[in-house]
Amino acid sequence: MRRAPTWPRHAIMVVVSFLMLVPFYWVLKTSLTGENIYAYPPHIIPVDPHLFHYVDVWYLIPFPRYLLNSVIVTTMAICGNLLFNTAAGYALTKQFPGRRWVVLLFLSCMLIPFQATIIPAYLITSWLGVLNSYLGIALPLLSTIICIFIFKASFEAVPRSLIDAARVDGLSEWRIIVRIMLPLSKSAIATNVILTFIWSWNAFLWPLIVIRTSEMQTLPLGLARFLSVMEDTTGALFAFVVMVLVPGLTIFLMAQKEFIRGLTSGATKG
Amino acid sequence: MSWRRILTHRFFLVPLVVALLVAGWNVYIAFNDGGLIAGEVRDRAGTPVPGATVVFFERNFIYYQEKQRTTTDAHGAYRFDGMQVHVGQLEARTADGRHSERRQLRLWFRAQNAEMAPLVVDAPHG
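Chains as they are written, first to last, in the working numbering: chain W, 1 to 270; chain S, 1 to 126.
Read the hints as simulated data drawn from the structure, not as lab findings. Virtual Cβ for every residue (Gly too), placed ideally from N, Cα, C. The hints are all genuine.
Residues from chain S that keep clear of chain W, each with C-beta distances beyond 12 angstroms, as calculated:
| id | residue |
| --- | --- |
| 1 | 3 |
| 2 | 7 |
| 3 | 24 |
| 4 | 31 |
| 5 | 34 |
| 6 | 44 |
| 7 | 51 |
| 8 | 53 |
| 9 | 70 |
| 10 | 71 |
| 11 | 75 |
| 12 | 77 |
| 13 | 91 |
| 14 | 96 |
| 15 | 99 |
Stretches of chain S that chain W covers, calculated by requiring three or more beta carbons in the stretch to come under 8 angstroms of a beta carbon on chain W:
| id | region |
| --- | --- |
| 16 | 9-22 |
| 17 | 108-114 |
Pulled out of the complex, with its shape left as it was, chain W reads as follows:
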């Protein structure tokens, strides 16, 4: 049987990839040239590119401080996510009364947008006394339902006999998670890390509400502030965008294999 040629599929993929990458290229090009985005005709190739817009961003606003804040908050969110989602995901693989109701509750909670719960979330954060703190910013992302289900799906793929054998050998539940489950769930961990990283890194609304001082602002808030205080900033603005994007892109490129594997395993075994 004659196989269909692959070139049409490849051609379509090349065109789609090109369309997806053009905005990234344009942002990068503008960050290097400072060319007005409304300039006509636009230059496809950068004219007189330089990196000084990046230097401007570094010094004209407290970029290192924003970066540090974002890194701290994101690290806290990732650590909290791994801890709480692992525990919750493992618990949901057990049989206990009301388990179905808990799963149903989780699924129904996923239907409620965060904006609808933001006032109670604020009140709880205020009651805990962690407004305008790193913990307060990271709090809503310390556990996410999607990631709980990713862990649940991954844990359910581990053979029951392996867990029973570990239990017979005297391992506690926590040690079973740490020694047996997590080493077999690297894809789920990578997926968790990347998703949490992206959500936390790009979070705007919640930090905007809980942060009260400029010293605690994260990068997305810094970007908004940058736009409000600077003029003639085309190049610096796009340089800022690139500097915000690069860490996320790097993390994704490093872990894309595990990320995709984690998502697909969650899709088929959940």
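Got chain W; can you put chain S on it based on the hints?
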């Protein structure tokens, strides 16, 4: 997982390379952040102009404003010390009303030592 695998894993190597680059860059900065900006003022014929005033304009958020000024020595040389800036403009003015074009100064980091190309005075001071 063995140590060799951990050390050669991309999750270890990429942050390590980034950390090394940052550390190297900071070491370079530490040895070159005296804030020294130096250069010469000449006329169109290339002759050094002694006694000329060189003005440094610092950029704030919207426009450039004068920050500091100095005078050239007998060889037409000038220098600013301890300049905690990374961007600015330089202009030379002479007592007889001539002045240079404003020269844009872009540095790779704040207080970088910089040797400027000569400022050329030729037009009457407007």
